[in-house]
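Each protein sequence line maps, in turn, to chains A and B. Under my numbering, the first residue of the first sequence is numbered 264, with each subsequent residue one higher. Under my numbering, the first residue of the second sequence is numbered 1167, with each subsequent residue one higher.
No lab work stands behind these hints, which were simulated from the structure alone. Be aware that one or more of the hints could be misleading.
Beta-carbon label-pair distances, calculated as ranges [to be verified]:
1) B:1417 to A:590: 23 to 31 Å
2) A:378 to B:1448: 49 to 57 Å
3) A:274 to B:1538: 47 to 55 Å
4) B:1470 to A:398: 56 to 64 Å
5) B:1538 to A:398: 52 to 60 Å
Some chain B residues flagged as far from chain A (calculated, every beta-carbon gap over 12 Å) [stated by the list, open to error]:
6) 1201
7) 1297
8) 1303
9) 1312
10) 1326
11) 1404
Far from chain A, by Cβ distances over 12 Å, these chain B residues were calculated [to be verified]:
12) 1186
13) 1208
14) 1222
15) 1299
16) 1301
17) 1330
18) 1351
19) 1373
20) 1395
21) 1451
22) 1472
23) 1550
Bear in mind that the values here come from a model prediction, so they are computed numbers and not experimental data. Here a beta-carbon is modelled for each residue, glycine too, at the ideal position from N, C-alpha and C.
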Amino acid sequence: MKSRKWVGPLLVNGSLLIIVLIWSIPTVGLLVSSFRSRFDIQTTGWWNVLPHREWKKVAELDPRELGLNPDGVMSVEGVQGTFEQLRAGLRSPDGDTRVTWLGNKRLGRIEVQKRVWTVTWNFTLDNYKQVLLGAEIKVTKPDGTVETSPGQNLSQAFLNSLAVSIPSTVIPILIAAFAAYAFAWMSFPGRKAMFILVVGLLVVPLQIALVPILRDYNTLKLNGTFLAIWLAHTGFGLALATYLLFNYIRTLPRETLESAFIDGASHFTIFLRLILPLSVPALASFAIFQFLWVWNDYLVALTFLGVDPTYKVLTQRLADLTGTFGNQWHLLTAGAFVTMILPMIVFFSLQRYFVRGLLAGSVKG
Amino acid sequence: MAHREVAQERRLGAGARFLAWLGRVLLAVMIPLIAFVVIYEGFLFLRDSQAPRWIIAAVAIVWGVGGVALLYWVFNGIVERLPDVWTQRLQPFVFVGPAMAILIWYLALPAVRTFYLSLFGRDGPPQGVGFFQSFTSDAFVGFQNYVAIFTERLLTEAFRNNLMWIVFGSTFSVIFGLLVATLADRSRFERVAKSLVFLPMAISFVGASVIWNFMYEVRPVGQPQIGLLNALLVAAGGNPVAWDKWVAIAPWNNLFLILIVVWLQTGYAMVLFSAALKGIPDEILEAARVDGATEIQVFFRIMIPYIMGTIITVWTTIVIFTLKIFDVVWVMTGGQFGTHVIATQFYRQSFTARNSGYGSAIAIILLLTVIPVMIYNLRQFREQEAF
């Protein structure tokens, strides 16, 4: 029994640690890589920022000065081998020294390398400069040549994402809050039928609406505008918003409302002065949910915002980068992190509300 | 209050009743319509202006949000100035009307319209022809698009892949979510561990695709591998593989795409399971332990049955979610290497191949698959006494 006391927690925390590591490593790898120089990214794995052993050149010797005979077995720095073996590189018995013959037999030199602990820490902000700014950027390659490459101007896409996300979050909440109040506290003909419609539309996949709405937008000449995408996100988020807010608003104590009515307040005043302030937790939950959804959305933006690069949002631009520069990891890693930074801040600062929203049944159609 | 109003409604003459309905429908349609026109005009103005982009963006936000709020205020003001009876009759529709109008325009009607489109060829119903005449035109193909969906190889492949997504995506998310929730519940590091597993929920599918593309990056044999998975594989003495683009193991290369969504969705499952596990009364668990049940028995015989409702909810949610999966596949492989799913085929047919009839038919299939969940939701709702 005594041994179980520490074996149990060790097993639990150990397995938890492994899972958490597996879950975090992909993101950490991306983040670390985005700060590495573009040439480091292409030639070594990002885990080289951790201490690791690497071959370092410690000396270059002239075999003639050492009096070595290239036609026989030579002995250098504790390594013995023929010319051919040394040409291919030969390791010492303990594995920590490597001796390589460079060049031809007559004039060649001998390089001695040792395995040493090292970290590759050439961190830079160049990748971020290149993805965020619109101007051309000059990069000096390791061999000294200078290469200019165009900036990706993601800062503009960042603004576009904000301009899309904020109204697409606030407008549906506003409209849904009015509707939820009416469903919860007003009586009118068709109330039940309308709410059944809301519940029924909760899980309808938005794909069903893309083609008809695109046709409407073509008629209204609305394609490629922010208004088009605000309305689309409003339409697709409204059912869930109304449902969640209704579930919350109807649990508010009835007495508060009735006393307000007796004081002569109108529905509008009660809604504005009483219900909205009391509903802040529910409004916040849904706001975070909808904001993350809109910010991270790709399909709706792809369909309605079109091909004009000046209006594209971050997810579109990042997807474009993956298509065009599939192996330019210095662009992709920094670009991906630019798209993730705001949702991560929102997420970490407001996690409590987000979790509450999930528990209240946020399931998007 | 409700009864009095309904009685009042009955006492009304036919003319007044008609007027009431007209007013209600008008309110429902007018608020969004006016909002739309006002905001649209503002946009035209903004588009032609030379101001810096961030100013335009800020003005657009204020304009859009403020415009909608203002309209509610104005219309409510008008309705409140009417005689009391009419205020009572119309005011609810100021509140609920715009939401209904938008829902109908954006989801309810499109479902019908998409079905209508799905009965026609690639260019949809002919222009300038009436609704009834369109069914006799050449463009009308009946259910041929549906027949094509179930017989064409690309589509059957998409169905098979989607089935894999549904089965493996939901199952693995549920299992890992349950595992993390149970482990975290017994650990001192619960908060940190849960936050880190939950974090991917904040990342977009496009971002996650870049992250995992980097994990899966493959270099020719002999070159240093910069993708972590291949580096591990090579260090263990294997040859680098292309993971999600690994055609030799098709259809199992889909699993490497599914893995990305499991990575994203486990956090969601974990949060719900964690809350459910905390809801199990301690007395039940203690009683079982006193009776000599092992931890494994407690887990499978008590905890799992106790949170079965939550497991089913989570499972259903992820099933619906994976049914519509699009971004990951579109960005990672574009549907190549045998990875197309229903939603990517929908997009390809509707927008790349511009075959609206075929695309619409795929969308209708997608809708049909969620109907059982819709019915379940409605039945749950009907059981609630509160409404």
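Decide, holds or violated, for the assertion that all CB atoms of chain A are farther than 12 Å from the CB of residue 1451 of chain B. holds, 15 Å
**Prompt:** With d taken as the least Cβ-Cβ distance between residue 1395 of chain B and chain A, does d exceed 12 Å?
**Reply:** violated, 10 Å
Go ahead and decide if the range 49 to 57 Å is satisfied by the Cβ distance of residue 378 of chain A to residue 1448 of chain B. Given a distance of about 56 Å, which is inside 49 to 57 Å, the answer is holds.
message = Given the hint of 52 to 60 Å, is the C-beta distance from residue 1538 of chain B to residue 398 of chain A inside that range or not?
response = Roughly 54 Å apart at Cβ, these two residues keep to the hinted range, so it holds.
>> Please verify that the nearest CB of chain A lies beyond 12 Å from residue 1373 of chain B's CB.
In response: violated, 5 Å
* To do: May I ask you to test the hint 47 to 55 Å on the CB atoms belonging to residue 274 of chain A and residue 1538 of chain B?
  => Since the Cβ atoms of residue 274 of chain A and residue 1538 of chain B sit about 40 Å apart, the hinted range of 47 to 55 Å is violated.
Practice problem: Confirm or reject the statement that residue 1297 of chain B sits farther than 12 Å, beta carbon to beta carbon, from all of chain A. | Solution: The claim stands: residue 1297 of chain B keeps its Cβ more than 12 Å from every Cβ of chain A (closest is about 15 Å).
Any Cβ of chain A at or closer than 12 Å to residue 1299 of chain B, or is the non-interface label fine? Answer for residue 1299 of chain B: holds, closest chain A Cβ roughly 19 Å.
**Study point:** Non-interface claim for residue 1303 of chain B versus chain A (Cβ beyond 12 Å)
**Key:** holds, 18 Å
* **Interface exclusion of residue 1222 of chain B relative to chain A, criterion Cβ beyond 12 Å** => Residue 1222 of chain B not clear of chain A: closest Cβ-Cβ about 8 Å, inside 12 Å.
Should the label of residue 1351 of chain B as a non-interface residue stand, given a Cβ cut-off of 12 Å to chain A?
violated, 9 Å
task = Say whether it holds or is violated: residue 1404 of chain B keeps its Cβ farther than 12 Å from all Cβ of chain A.
result = The claim holds: residue 1404 of chain B sits with its nearest Cβ about 16 Å from chain A, beyond 12 Å.
Violated hints, in rising order: 3, 6, 12, 13, 14, 18, 19, 20 and 23; the structure is consistent with all others.
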